[in-house]
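Engineer: Listed below are the residues making up each chain.
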Amino acid sequence: MQILYFRITLSVKHSSVSIDLLNFLFTNLTLIIMQDYKTDHPFDIAMSEEQQMTWDMLRKFAETEMRPAARDAEAAGRPSDELLDKMKDLDLISLGIPEAYGGMEIEQDATSQALALEALAYGDLSLAMSLSLPMLTAKIITEHGSEEHKKELLKQYSDGSMFHVGLGINNSSIMADALHSSVLVNESGEELILNGIKTGIAFAEEADSFLISATSESGESNLYVLDKDTEGLEIISKEFMGLKGLPLSEIKLSNCKIKTSQKLGGHNYSINFQELVDSSRIGMSAMALGVCQAVLDYVVPYTNERVAFDEPISNRQSVAFLVADMAIEIEAMRLMVYKAAALKDIGADFHKQASLTHRFAAHHGMKIGTDGVQLLGGHGFTHEHPVELWYRNLRAIGIFEGGAGV
Amino acid sequence: MIHPLLPNQLQKTQETMRMAAEFILRPISRKYDKAEHEPPVEMEQLNQAAAAQKDAGIGDDSVKSMDLKGRNLWAVISLEQMCWGDVGLFLARPGTGLGNAAISAVGNPDQKSKWGKRWASMAITEPGAGSDSKNISTTAVLDGNEWVINGEKIYVTDGDRCDCVVVWATLNKTMGKTAIRSFIVEKGTPGFSVARLEKKLGIRASDTATLIFDNCRIPRENLLGGKEEIEMDADAAKKSFGGAMQTFDNTRPMVAGMAIGLGQAALDMTRALLSEEGYQDNFGASIGQQTAIQYELEMLEAELEAARLLVYKSAWMMDNKMPNSKEASMGKAKAGRIGNRISLKCVELCSMQGFSEDHLLEKFSRDSKILDIFEGTQQIQQLIVARQVLNKSSTDLK
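As given, the protein sequences belong to chains A and B, one line each in that order. According to our numbering, the first sequence is numbered sequentially starting from 1. According to our numbering, the second sequence is numbered sequentially starting from 1001.
These aren't lab readings, by the way, just hints derived from the structure by calculation. Ideal placement from N, C-alpha and C gives every residue a C-beta, glycine not left out. Mixed in with the good hints there might be a few duds.
The following label-pair restraints were derived from C-beta to C-beta distances [unchecked claim]:
#1 B/N1391 <-> A/A46: 48 to 56 Å
#2 A/Q374 <-> B/V1194: 25 to 33 Å
#3 A/T370 <-> B/D1396: 51 to 59 Å
#4 B/S1351 <-> A/D72: 53 to 61 Å
#5 A/R316 <-> B/E1198: 30 to 38 Å
So the derived list for chain B, only partly shown, Cβ under 8 Å to chain A, looks like this [said to hold, decoys possible]:
#6 M1001
#7 E1015
#8 K1117
#9 M1232
#10 A1234
#11 K1238
#12 A1302
#13 M1330
#14 S1393
#15 S1394
Keeping only pairs whose Cα atoms sit at most 27 Å apart, straight-line, the calculated BS3-like set for lysine-lysine is [stated by the list, open to error]:
#16 B/K1134 <-> B/K1173
#17 B/K1200 <-> B/K1345
#18 B/K1012 <-> B/K1321
#19 B/K1117 <-> A/K367
#20 B/K1177 <-> A/K367
#21 B/K1227 <-> B/K1134
#22 A/K367 <-> B/K1345
#23 A/K238 <-> A/K257
#24 B/K1321 <-> B/K1369
#25 B/K1227 <-> B/K1239
#26 A/K38 <-> B/K1177
#27 B/K1012 <-> B/K1199
#28 B/K1134 <-> A/K367
#29 A/K151 <-> A/K259
#30 A/K88 <-> A/K60
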């Protein structure tokens, strides 16, 4: 809550509170302004009918198609082509793409998108990101691309590979962050020269081009479209502790020369990078929520069935309270995600709420991940149960930037 | 439509309440923390003034004129802001006792009209029974047209200053919760006395009394809710005690809201003190770009916002007539512990200034502890949530 104070020293003796003083305070003057967004719509947390329908459909897809495929995707390092086809058939990518570029042009509000991401991540985070990444990339190009870029890059989503554009937001340098890229861009006449290392780029081998965030000397970050065969661009496949169902790579840029028009939106365009990052943080938080809900729904029946000392382990407070706290923080995380998305939907400033939500999801997501394994004991440590997978994937929350958007 | 945002009207209420907190409660906050057991006369004056301010949104009449659908959420955000000012003083505001909540929740029309406007405190806890309120040993025996009450009650908030007390007593000690009833006992009834007032860690502006009932005779019609005889039917008996406990589903969001207000007060004051020494927030920056204080404050702010939304949701459910027992406990557990953690952390962040009585941070950190205890400790809330999430009875999960 942002608070604007007009501190006025009132020389009032507080030995008595007069009606006059109250009149002065409450009716004549507003001394404290706390309002930081405007809406006439009442407080509400119920899904709309349409949201509920999409939710039911996606949640079912996550449970029946994604969850059972999670281990195989980890082993193979990528989702099967069959599953990818099914995910593409959900039409979530083309939904927001304008008709002129082969899409459906149905504008999606942030809350509906957050709900969709949560539902998908309930199945598996790697697999959900196989879909959320092209969704986000298409959204960024739709919102910020020049006519030329849209023509070139958007069409393929409807009739080609959904991974033809690799999104490079994550940095290799530890001290860099989403707003300060570890790739630097220098302008030299008609050319831009990029140097540095990006990492965590999904399906890089399948991409024809990349959308890479780079920071200029002035400290401004933007996105740049690089062809795969740009001289000085090298793709190096990487392994991470989690998100193993999704192929991830590092991209090394050594003196890569591109034209000024390859800046997304054109030479003079400046992207609101903070807003892009904030929106993607709401998306990643929504996905964390989906995974956390999966953990809770798994440990409840497990602790109710697992018997030790002649009774279910959930009959003991030390176990039951861990589960209760999980449920409390998940409900809180859900409301944080909803509020951040709702603020975006009414056009209010959502930077602070997105930041708080992301911080909350990272902290409590990992706590829920680790408690999930703890509650299964030694069993949780093995591949017999999915909790160790969720544990590894939840570590990505708070770290992986630009993995999903709302 | 998913829209967990406050409409303009409620945000105006927030501002009005914040002004009352800032300009009326804050200036006398330290005074009554020091002068424990001295009734804050300003709160009575505030009530009188508020009564004349029907449209200002702090009088009870303005609540009644509001759309009933939003009344509980309105109440939560109002007292959140009042408690941003001072929790102790808020509790000492005449007419706002927990007993009033009980009367309005389970009282019959006659009781509501007779006692609704009086200041009613609530006496449950005894030296030998706290959270396990079914084990109380205060007894009530029907003798002719009167109930005879015997027993000792402790930790009665407003117990000295109130007009009447809602007392929990058992009709038969051997029958557990099925025999528990609540009774309205008026101040000045022979056999009813205030034995002493506690000296406390915090909320010193509010009185906490020990009450003695020694053959205290009250009219038969003062039985609040429930039947005069003990139900033999298990379901009916369960319902009877559940009815009494239901008061708490309604009041937990309120107490949780108090913790949110206090937590926000501690964060605001910490920022104000730090900004005098050049501090600025840096929300959303990476760990490498934030100072330790920026990181701490962002995390605490996130926790507070999370707790706040849980509490708002539980009040919204009440407004929409949805069963909210689980959510009310979720909000109370989270808000209680977060309010306490924030206020203690804020003292630490402000170092000796935080520890000093020059500022109210140290007071907030003392006041906050009770909010994690009364109206059900954090652990009782966890128990309620756990039983519902795991689908357990109270015999399985003790």
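Engineer: Now tell me if each hint is right for this structure.
Structural biologist: Cross-check of the supplied hints:
no. : hint                           : in the structure
1   : B/N1391 <-> A/A46: 48 to 56 Å  : violated (24 Å)
2   : A/Q374 <-> B/V1194: 25 to 33 Å : violated (49 Å)
3   : A/T370 <-> B/D1396: 51 to 59 Å : violated (26 Å)
4   : B/S1351 <-> A/D72: 53 to 61 Å  : holds (55 Å)
5   : A/R316 <-> B/E1198: 30 to 38 Å : holds (34 Å)
6   : M1001                          : holds (5 Å)
7   : E1015                          : holds (5 Å)
8   : K1117                          : violated (20 Å)
9   : M1232                          : violated (29 Å)
10  : A1234                          : violated (22 Å)
11  : K1238                          : violated (21 Å)
12  : A1302                          : holds (4 Å)
13  : M1330                          : holds (5 Å)
14  : S1393                          : violated (10 Å)
15  : S1394                          : violated (11 Å)
16  : B/K1134 <-> B/K1173            : holds (9 Å)
17  : B/K1200 <-> B/K1345            : holds (21 Å)
18  : B/K1012 <-> B/K1321            : holds (25 Å)
19  : B/K1117 <-> A/K367             : violated (47 Å)
20  : B/K1177 <-> A/K367             : violated (38 Å)
21  : B/K1227 <-> B/K1134            : holds (17 Å)
22  : A/K367 <-> B/K1345             : holds (20 Å)
23  : A/K238 <-> A/K257              : holds (25 Å)
24  : B/K1321 <-> B/K1369            : violated (31 Å)
25  : B/K1227 <-> B/K1239            : holds (11 Å)
26  : A/K38 <-> B/K1177              : violated (48 Å)
27  : B/K1012 <-> B/K1199            : violated (37 Å)
28  : B/K1134 <-> A/K367             : violated (35 Å)
29  : A/K151 <-> A/K259              : holds (18 Å)
30  : A/K88 <-> A/K60                : holds (16 Å)
The structure shown violates the earlier hints numbered 1, 2, 3, 8, 9, 10, 11, 14, 15, 19, 20, 24, 26, 27, 28.
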